[in-house]
Structures are given as structure tokens and as C-alpha cells.
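Can you build the whole structure from these sequences, using the hints too?
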Amino acid sequence: MPVQPGTGRPPAPPRAGLRARGSLAIAEVRFALRRTSRALHHRWRRSLHLRVVVSTLVLSAVTVGLVAAVLVQRIVTGLVEAKQRVALNEARAGFTAAQQLADRDTGSPIDAINALAREVANRGTAPGEAVSLVILGTTADAAGRAVPDDVLDSSVPPGLRRAVPGPVGPPAYAYTVLRHQDGRGEPALAVGAPLFFSASSQTYQLFYLFPLDQERETISLVRRTLAVTGGVLVLLLAGIAWLVTRQVVTPVRLAARTAGQLSAGQLTQRMAVRGEDDLARLALAFNRMAGNLQRQIEQLEELSRAQRRFVSDVSHELRTPLTTVRMAADVLHEARGDFRPQIARSAELLQTELDRFESLLTDLLEISRYDAGAAVLEVERTDLTALMRRVVAGLEPLAATCGSPVVLRAPADPCLADVDPRRVERILRNLLVNAIEHGEEQPIEVVVGQDDQAVAITVRDSGVGLSPAQAHQVFDRFWRADPARARTTGGTGLGLSIALEDARLHGGWLQAWGRPGLGAQFRLTLPRLAGVELTTSPLPLEPTDLSGQSLANSVRAHSMRRRDG
Amino acid sequence: MADSRMSFRSGWRCALLAGPLAGLLLAGCVPNAGPVRVAPTTTGDGPLAALGIRVLAQPPDLGASPERLLRQFLVACADPSQNFAAARQFLAPDDQQKWQPQAGVRIYDGDPDDLTLSRSGDSLTVTAPATAATIRRGDYELVSGGSSTSLTAKLVRVKGQWRFRDMPDGLLLASSLIFAYKPVDLYFLVPGQRRVVPDRVFLLAPRANLADAALHALLRGPSPMLAGAVRSAIPAGSRLRTPPALSGGELSVDLVTGSSHVDRADVAAQVLWTATQLPEVSAVRLRIDGSAYTSGSVSLLRANPDALGYNPNVLTATAPAYYVAPGGASRNLLVSSAGRSWRLSADGLPLRHPAVAVDGSAVAALSCTAHQCRSLYVGPLRGTLFRADLRAAWPLTAPSWDSFDGGGAWTAEDSPAGPVVWRVPLQGPPAQVDAAALARDRVRVLRLSRDGTRVAVIADIAGRPRVLVGAVLRGSSGFRIDRFRPAAPSLVDAVDLDWADAGHLAVLAKSDPGQGSVTPYRIRVDGSEDPQPVLGTVPGGQPVSIAAAPAQSLLVATARQGGVGGTGVSTLQGQVWRPLVQVGFDPTYPG
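Order-wise, the sequence lines are chains D and Z. The first sequence begins at 1 in the numbering used here and counts up one residue at a time. The second sequence begins at 1 in the numbering used here and counts up one residue at a time.
Think of the hints as simulated: they come from the structure by calculation, not from any bench. Incorrect hints may have been included.
[What the hints assert, rightly or not] Distance windows between CB atoms, simulated:
| hint | chain 1 | residue 1 | chain 2 | residue 2 | range |
| --- | --- | --- | --- | --- | --- |
| 1 | D | Ile219 | Z | Asn32 | 22 to 28 angstroms |
| 2 | D | Thr218 | Z | Ala103 | 47 to 53 angstroms |
| 3 | Z | Ser341 | D | Thr96 | 45 to 51 angstroms |
| 4 | D | Ile219 | Z | Lys159 | 46 to 52 angstroms |
| 5 | D | Thr96 | Z | Ala317 | 40 to 46 angstroms |
| 6 | D | Pro157 | Z | Ser490 | 43 to 49 angstroms |
Using N, Cα and C, we set each Cβ at its ideal position, and we do this for glycine too.
The following block contains the structure:
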């Protein structure tokens with residue numbers, strides 16, 4: 001049994017193999033077609049240039065085709081009409097001369113008929129262009145003549161034979177096919193008239209057949225010429241459209257590129273201005289707009305830089321008096337046992353608020369470092385599972401306090417990535433603290449995942465949840481889900497902002513998902529290698545167990561209501 | 001200043017643009033002015049019409065009488081299409097395939113109406129007035145003084161209609177209906193020379209297939225009339241690999257000879273001259289035994305007589321004419337139309353009836369008394385003429401030259417016992433020519449064609465001088481002239497003739513015995529065309545001698561009634577006779 005070389009498949013019956021290969025080939029072709037059509041469609045949508053050229057091509061082809069059709073139609077009509085006029089005149093002259101010959105003839109008509117045939121035969125034109133003559137007798141013993149000698153008398157249509165009456169009458173004509181003995185045929189105009197010999201009172205029918213070969217050749221020449229010139233014209237029009245569109249599209253493309261560069265921050269980019277036409281005016285206006293934008297952006301940047309410096313300065317300036325206040329407060333706090341309970345309570349309050357104030361200042365300083373672009377990444381190979389375990393372990397007391405147990409699900413293998421462990425730990429802590437704080441005594445689920453490119457961690461709580469709009473706002477500075485909630489609990493309101501900045505610093509993603517009543521989930525995705533751009537995340541942003549969760553939620557709400565009731 | 005320069009420059013540029021633009025616009029217009037040009041000459045000027053004529057026969061009439069059917073049948077015989085299918089319809093079914101129409105053709109003068117019919121029992125006989133000619137295997141032969149000819153067929157009734165049985169093979173055709181046979185010149189070679197000779201045959205073929213038919217006939221060899229007198233360079237058994245194909249005036253011929261000793265130039269000349277007589281063929285592309293024949297570096301052959309050197313006309317169009325002018329009592333002068341003159345005398349006697357050799361180097365002339373010329377003198381044109389040792393007892397005819405072996409002058413001794421024909425070479429003794437075919441005829445004039453393959457004579461037949469043409473055969477024992485056929489039975493009382501070209505004679509004769517004086521006619525050597533009278537009246541009296549040459553004007557010498565003196569020579573210019581010389585006689589062209 002022949003084994004197909006190069007295929008690892010078990011040998012199949014040849015027909016089935018052939019069929020399989022055939023369908024494979026068809027599939028490949030179909031795939032290639034689909035790919036090509038998709039690429040074309042893509043280019044069609046993307047390229048104004050292509051659209052204009054193709055439209056010009058199609059429209060001009062249709063126009064040229066219509067014009068050519070009309071032209072050919074007119075030429076055919078004109079040629080055939082001219083030929084018919086000439087042929088009828090020539091035939092009329094021939095009939096008159098023939099009748100005069102017949103009237104002079106005193107005996108048998110044979111000599112006159114021979115003379116007529118010889119006259120046509122000796123005209124000396126090449127075969128194929130020459131006029132043919134068919135003389136037909138109307139009685140059995142009147143033999144006709146055919147010139148040239150290979151013309152069949154069936155070239156004269158029977159209708160025309162009947163239409164030529166005897167012995168006198170006007171000429172009649174019809175279009176026909178001039179048939180030869182070897183089977184050739186060519187279009188011809190047959191003109192017939194009766195020929196009466198008074199001496200022998202015999203009637204013949206005289207038919208001149210004018211070949212339309214030349215007309216046919218002329219028409220086919222015109223057709224060929226029109227086809228070639230039409231094709232060239234359409235291609236030229238497409239070329240012209242390509243050139244003209246290029247003149248318009250190139251500056252537009254340049255403008256688009258410049259605008260793109262501007263929007264990418266290269267504020268000094270400008271368009272080149274050539275000449276004084278509309279495109280030059282567009283470039284001028286564009287450049288003016290770019291200049292204005294640049295000025296305003298620079299002003300705004302200046303303003304924001306001043307603000308950031310102000311915040312940073314304020315934070316720094318506050319630190320010194322705060323240290324002093326702290327030391328004083330520490331003294332007061334140490335000695336609070338000696339105070340009256342009311343004052344002792346104030347000292348404690350002072351201590352707590354100072355802690356908050358201090359962490360707020362730390363966060364503000366951190367944020368201002370980001371704003372100033374001074375944050376530096378110190379990358380080292382880190383096992384994120386271990387890191388996460390550490391964070392969870394560190395926050396277990398808080399979780400116990402809030403009543404939200406933390407469940408960590410991590411793969412057995414270490415999730416190694418080049419990250420700054422300090423910053424990632426801060427992100428994770430922020431996320432976990434946030435989840436515990438909003439956990440509403442429900443378990444917190446932490447999942448660690450990885451693939452070739454990236455590692456990801458999701459932190460899921462089952463608290464009040466977030467609306468999709470809130471999921472976007474959650475990273476804003478000092479944003480709170482519930483403005484009415486006192487600032488006593490929770491962090492500084494900068495934790496998620498800092499976490500986001502940390503994630504961005506790694507080239508990673510920090511995203512939030514939430515539904516009211518279904519809780520919220522945060523996902524941190526980090527590239528395994530620093531600087532590699534992320535395309536996908538190993539873990540989904542939206543929880544997969546959503547329906548089950550909502551069911552659990554609804555059951556819980558139901559039971560709570562029952563308990564209340 | 002700057003302005004004017006600007007405007008000048010822009011104007012110049014405009015002109016530069018406007019020129020081609022105007023040209024483009026005008027290109028679509030019908031011209032109404034332009035240079036004077038010469039129109040190309042038309043083809044189809046040859047002996048063959050571009051188109052053939054076919055007789056359209058009618059099928060047998062239902063219920064017609066046998067007599068009427070036989071007349072219809074004889075007309076239908078003129079239509080050869082589909083192997084005489086029309087004529088075969090008149091035969092009984094068993095006889096339709098048996099009948100052999102191509103066995104031969106008898107041509108009678110006149111129309112089918114001139115036939116007389118007689119019926120005896122179940123056989124019907126048709127009698128035609130007189131046979132004018134026959135065609136056998138393409139060879140056209142005039143029959144002079146032919147008797148009436150008849151054809152008898154048996155009658156049989158088939159499904160209530162009369163049909164013919166035992167129809168004799170061959171055709172009986174009216175001369176007015178003979179369109180199916182197309183006259184074609186086949187070209188063969190003069191023995192020992194690079195020169196072609198036309199041999200006219202009549203081929204049964206549609207006009208469109210004539211090139212094919214002519215080439216096949218050429219392969220078969222010369223007609224019975226010229227067999228032995230001419231040679232063919234195409235070996236017997238040669239064939240055409242494919243039918244000749246005509247495209248754009250070029251005929252492609254692929255010849256297979258199967259022989260290794262083929263003179264390719266001779267073959268090419270024969271094929272080329274035969275094919276290009278058809279007006280639709282302007283050039284020939286020839287392959288011989290698989291390899292293309294080229295002349296020089298040209299593979300496309302055109303009929304150019306000077307380039308190939310096989311010119312059948314022998315003489316060039318610039319060959320001078322000669323005539324004799326009286327130069328005194330003892331001498332005559334031979335004057336050429338180029339203005340030169342030579343003494344024409346020998347032994348102190350003036351000579352008459354000169355013949356100049358084809359190459360113009362030698363002359364032969366007769367020494368005459370008042371009524372008879374008995375001595376032939378031959379010699380170089382510039383030197384002394386020597387008397388040929390003929391010892392003639394009877395008058396000699398005017399000499400003429402062939403060009404075999406350096407040339408020989410021919411003359412005939414007009415003896416009542418039959419002519420004695422002599423060939424006198426320039427060097428060497430005279431040789432007698434076998435002229436047994438003319439033994440019973442008085443010969444007045446004998447002229448050899450310039451190519452030397454035919455001889456035309458004026459001989460007394462049935463008491464009146466008529467024109468005959470025979471072939472010149474060359475055997476080991478010498479020359480023989482034979483196969484004489486009438487060339488123009490309708491012309492009588494011929495007094496002189498000359499070869500107009502290889503296929504035509506100029507004759508001084510009468511078409512009607514009652515005619516007052518002879519007039520010039522142009523006839524075909526085989527008599528297949530009616531004599532063409534040369535128009536116009538020759539001035540100066542009775543024409544007595546004529547000279548003709550290819551593409552040259554006719555010369556006729558005239559004599560006033562009753563005398564030798566006071567003769568003149570006239571020439572035909574266009575359609576008008578003009579005197580060439582007031583006193584002169586015996587005009588001649590070389591040959």
C-alpha cells in the first residue's frame with residue numbers, strides 16, 4: 001500500500017485521502033480568499049486613495065463602455081447605410097445596362113447573359129471583395145450563371161426570389177449570407193431585378209450580391225480600436241485619479257500624522273506649508289491651532305507644576321511642625337493616665353488623628369513624587385505568591401477585626417516576575433485593605449494566576465459593590481464610594497491612586513470591576529519581564545462565578561430579612 | 001522689456017503646443033488638400049479574370065419530353081460542380097456513377113439551340129453543327145474544317161420520367177457555355193537554356209482553386225503539343241506536400257521531388273511564372289524537399305523577369321527595331337530604330353528580308369530578284385555576310401533566328417513537293433530540318449518563336465494561306481518540326497506573321513475572303529481565343545509585312561498597289577498608325 005510521503009497519518013484509502021486532500025486544498029484556498037478579501041476590505045476602509053481610484057476605475061469603465069457601445073452602434077448603422085446606398089445605385093446602373101443589353105439581343109439570350117457574367121468577372125477585384133452575380137432562369141431550360149464560380153445559388157434568399165417579379169418590376173433587396181461551395185459564408189446585400197428578353201420572351205432574374213466583408217472588417221477594427229483605447233483611457237483615468245488624489249491625500253495624511261504626534265505630546269510638531277492653496281491654508285490654520293494648544297498646555301503644565309510643588313512644599317513644610325506637634329502629643333499621650341478622663345480622651349484623639357495626618361502626609365509626598373516623575377523602580381525577581389501570602393498574613397488581624405476571612409487561591413508553582421517588591425506589596429496591601437474595609441463581613445477571595453507573559457492577582461470582596469461608573473472613579477484621588485461615610489475609618493483616600501501609579505510604573509494594569517450588591521473585584525496584571533507591553537491578562541476582570549455569587553447574595557438577603565422579621 | 005520677452009516666450013510655447021494639437025484634431029478629418037501621388041497599378045490585368053463564371057444548371061423538368069431533357073442535359077453538362085451532379089440527374093440511376101464526363105470535351109460553335117435532334121426507337125441522337133475544338137487532358141486543340149459531331153443516348157423511363165442510358169463518356173459543350181475550363185499557362189523550360197515557355201492548358205477547376213490545379217498540372221508535365229519541345233525541371237513523380245495556401249497575395253508551395261538532382265532555380269522559375277499569372281498571387285514562398293528556396297537572400301519570390309533571368313519574352317522592352325532602306329543599286333541599308341545603320345549587301349547585290357539574331361550580333365538576309373529570293377546570306381552584323389550553301393531551286397522564305405548553340409537562321413524552300421526547311425548556324429554547314437509534317441503544304445512564311453520551341457508557318461490549306469503553329473523538336477539527328485495545328489481557322493489569305501510574344505502572333509490576314517486587303521490581327525498560338533483585329537487603318541497602301549515584339553509597337557510595311565517601289569513602314573502608337581519611315585521595307589525585331 002503506498003504511503004503518502006511526508007504525512008504522519010496512517011495510510012488511508014487513496015480515494016478518501018484524495019478527497020481529504022482536496023477538501024483541505026479547498027479549505028486552504030477559501031482561507032486565503034477570505035484573508036485576501038479581509039485585507040482588501042481593511043484597505044478599502046482605511047484608504048481614501050484606494051476608494052477614489054477604484055471608484056474612478058469602475059465609473060469610467062462603465063462610461064467608456066457606454067460611449068463605445070453607442071459609437072459602434074452608430075458606425076455600424078452609418079457603414080451599412082452607406083454601403084446599401086452605394087450598392088443600390090450600382091445595382092440600379094447594372095440593371096439598366098443589363099436591360100439595354102437584353103433589349104438589343106435579337107436571338108438567344110445566352111450571349112447577353114454571358115456578357116453580363118463576363119463583365120462582373122472581369123472587374124478585376126480580388127476574390128472576397130468582388131461583387132457577385134447570380135442570374136437565375138425562370139424556366140427549366142434557361143440555365144443561370146453564377147460569378148464567382150463557387151457561389152451557390154442558395155445565397156439568394158427565396159423571399160427575394162419571390163419578391164422579384166417578372167417580367168418587369170423595381171429592384172428588391174435583402175441582407176443574406178453569400179455561400180460558397182466550400183462551406184464559407186460571408187454577410188452580403190443581395191439586390192435583385194427581373195431581366196426580360198423580348199426577342200425570346202424569356203425572363204431571368206438578376207441578383208447582385210455585395211459582400212459586407214469590408215464593413216465587417218472595419219467594424220471589427222473599430223471595435224478592437226475602441227476596446228484598446230477604452231482600456232487605456234480607463235487606466236489613464238485611474239492613474240490621473242491616483243495622482244490627483246495623492247495631491248490631496250498626502251497633505252491630509254501629513255496633517256493626520258502631525259496631529260497624532262501632537263496628541264502624543266510632541267507639541268513642537270508643525271505641518272510644512274507649501275504655496276498658497278487650500279491645503280496650505282489648512283496647514284497654516286493647523287499650525288496656528290497647534291501653537292495655541294502648545295501655549296495653553298504649557299501654561300497649564302506650568303500651573304500644575306506650581307501646584308504640585310506647592311503641595312510638596314506644603315507637605316515638607318508641615319512635616320517639621322508636625323514632628324514638634326508629634327513629640328508634644330506623644331508626651332501628652334504618655335501622660336494621659338494623669339489627666340482627667342475627658343482630657344485623656346482628647347490626648348488619645350490627638351494621637352489617632354496625628355497618625356492619620358502623618359500617613360496622609362506620607363501619601364501626599366509619595367503622590368507628589370509620582371507627579372514630579374521622581375519615582376524609581378527597583379526591579380528584582382520576586383515570587384508574587386509568596387508576596388501575597390505575606391501580605392495576607394500581615395493583614396490577618398485586620399481581617400479578623402472586620403470579620404472578613406481572606407481566602408487565597410494560588411498555583412502551586414511560584415509566580416515569578418521582575419517587579420519592585422516594595423511597590424507591589426504596597427499595591428496588594430492597599431487592595432486587600434480596601435477589600436477588607438468594604439468586605440461587610442463576607443469572605444475575601446484572592447486569586448493568583450499566571451501565563452507566559454504576565455502574572456495577575458485578583459482581589460474579590462462581596463460588599464456593597466460598585467456601579468460601572470464608580471469602577472472608573474475608584475482610582476481618583478480622595479474619591480469615596482459613599483461621601484457620607486466618615487473619614488474616620490479607612491485610609492487616606494490616596495491608596496488606590498498610589499496603587500494605580502505603582503502598577504503603571506511597572507507597565508502593568510490595575511483595573512476595577514463592580515456591580516451594586518455583587519461586590520467588587522480588582523485585578524492587578526504585571527508583565528513577567530519589566531518593559532514588555534501587556535496584551536492579555538491570565539485572569540478575567542469580571543468574576544466567572546457571578547450567577548452563583550448573586551444567588552448566594554440573594555439567599556443571604558432573604559435569610560437576613562427573615563431574621564429581622 | 002521684460003514684458004515683451006515674456007509674451008514672446010509664452011507665444012512660442014503656445015505655438016509648440018498648438019502644432020501637435022492641431023495635428024491631432026486634423027487627423028480625424030477627411031483631407032481636402034495634399035501632395036500629388038501616383039496610384040498603384042491594379043492587379044487582375046492578366047489573361048485570367050479574378051472571378052470565374054459557373055453555369056447554374058436546372059434539374060430535370062417534370063414530365064418533359066426526351067428532346068427537351070437532352071437539351072437540358074447538354075446545358076447541365078456545363079456545370080461541373082460536385083462532379084457534374086446536375087448532369088448526372090438526367091441519367092438512369094444505374095448509369096449515374098458509370099458516366100465519365102472528364103474523358104474529353106468536344107466543343108461546338110454556337111448555342112444549344114443550334115443542335116438538331118433525331119429519334120429512332122429508344123435512342124436519341126443529337127447532332128452539333130461542327131466540332132470547333134477538343135480538350136483532352138487540358139490540351140486545347142482547334143479542329144479546322146471539322147465535320148458535324150453527334151451524340152447518341154438510349155432512353156429509359158424511370159418512375160414515369162424519361163432518363164438517359166448508355167450516355168457516351170465525355171462532354172459535348174457549346175462554345176458559349178464553356179466556362180468550367182479555365183485557360184492557364186504552365187511554364188516549362190527551353191532545352192539547354194534558362195528560359196521559360198508558356199504552355200496553355202484548360203483546367204477543370206473552380207476559379208478559387210486554380211492555383212492548386214495549375215501547380216498539379218505543372219507537375220504532370222507539358223501538354224501533348226509541347227512534349228519533347230520543352231523540358232520540365234520538376235522530376236516525374238513530384239508532388240505537393242500540402243495544398244498551396246494563399247494568404248495576402250503570397251502563395252506557399254511545398255514541393256516534394258524525391259530526387260537529389262534538382263535544379264532548384266529552374267524549378268523555382270517554373271513555379272513562380274505559373275503561379276503569378278493569377279492576379280491574386282503576387283509572390284510565392286517555395287519549399288523544395290523541405291528546405292525554403294531563396295533567391296539571393298529573399299525567400300519571397302516575385303515575378304520580376306529581369307531579376308530571375310527566365311524571361312519568356314526573350315527580348316527586353318528596349319530592343320531596337322530594324323528596317324531596310326534603299327541605299328543605291330548595289331546595296332541596301334539596315335537601319336535600326338536607335339539611329340544606326342549597316343550596309344546590307346553581299347556579292348555586290350542588295351539584300352532584303354533581314355533577320356537579326358536575338359542578341360543583335362548577327363544578321364541573315366535574302367538576296368532577291370524581282371519576284372524570288374533564292375540565296376540566304378548569314379554573317380555578323382558588322383562584318384561580311386556569307387552565302388549559305390543551300391542550292392535552293394525554289395524561293396526561300398524570310399529567315400528567322402533561334403538561339404540554340406549560338407543561334408541559327410531558319411528558312412524554308414517553298415517547293416511544290418513540300419517545303420525544305422533549313423537551319424543555317426552562324427558557323428558550320430546548313431542542316432536540313434525534318435519537316436515531314438508539312439510535306440503536302442506550300443509554305444509562304446516560316447518564323448521560329450524567339451524561344452525556339454514553336455514554329456509558325458503560313459501554309460496553303462484548302463487553297464488559301466492559313467496560319468499553323470507547330471513544335472520544334474530536337475533529336476539526336478537534328479531538328480524536326482511537327483504537330484502543326486491551326487491557330488486561327490477564321491483567318492485566311494495570310495501574307496505575313498511575327499511572334500508578338502511567346503503565346504501570341506501578329507498576323508496580316510483577312511477574316512473574310514471578300515475583304516479588300518489584309519489587316520493586322522493578334523491571335524493566340526493555340527487558337528483558343530478569337531483573333532483580335534488591331535484597330536486603325538494602316539496608311540500608305542496594302543500591308544505586306546509585319547513585325548512584332550513583346551511590349552513593342554507593331555510595325556507594318558505597306559506597298560502601293562502593283563509595285564515594290566514606294567513602300568513605307570508604319571508604326572502603331574497607342575491606337576493610331578503613324579509612318580515610321582516614308583521609304584523603307586522589311587521591318588523586323590530581333591529573332
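Task: Pairwise beta carbon distance, isoleucine 219 of chain D to asparagine 32 of chain Z, judged against the given window 22 to 28 angstroms - done: holds, 26 angstroms
Task: CB-CB spacing for alanine 317 of chain Z and threonine 96 of chain D relative to the 40 to 46 angstroms hint - done: Taking Cβ atoms as reference, threonine 96 of chain D and alanine 317 of chain Z lie about 41 angstroms apart, which means the hint holds.
TODO: Using the beta carbons of threonine 218 of chain D and alanine 103 of chain Z, state whether their distance is inside 47 to 53 angstroms or not.
DONE: Between threonine 218 of chain D and alanine 103 of chain Z, where Cβ atoms are some 49 angstroms apart, the hint holds.
TODO: Note whether the CB distance of proline 157 of chain D and serine 490 of chain Z lies within 43 to 49 angstroms or breaks it.
DONE: holds, 45 angstroms
TODO: Return holds or violated for the Cβ distance of serine 341 of chain Z and threonine 96 of chain D against the range 45 to 51 angstroms.
DONE: This hint is violated: roughly 58 angstroms between Cβ atoms.
- [ ] Given the hint of 46 to 52 angstroms, check if isoleucine 219 of chain D and lysine 159 of chain Z actually sit that far apart at their C-beta atoms.
- [x] Cβ of isoleucine 219 of chain D to Cβ of lysine 159 of chain Z: about 51 angstroms, so the range 46 to 52 angstroms holds.
The structure shown violates just one earlier hint, number 3.
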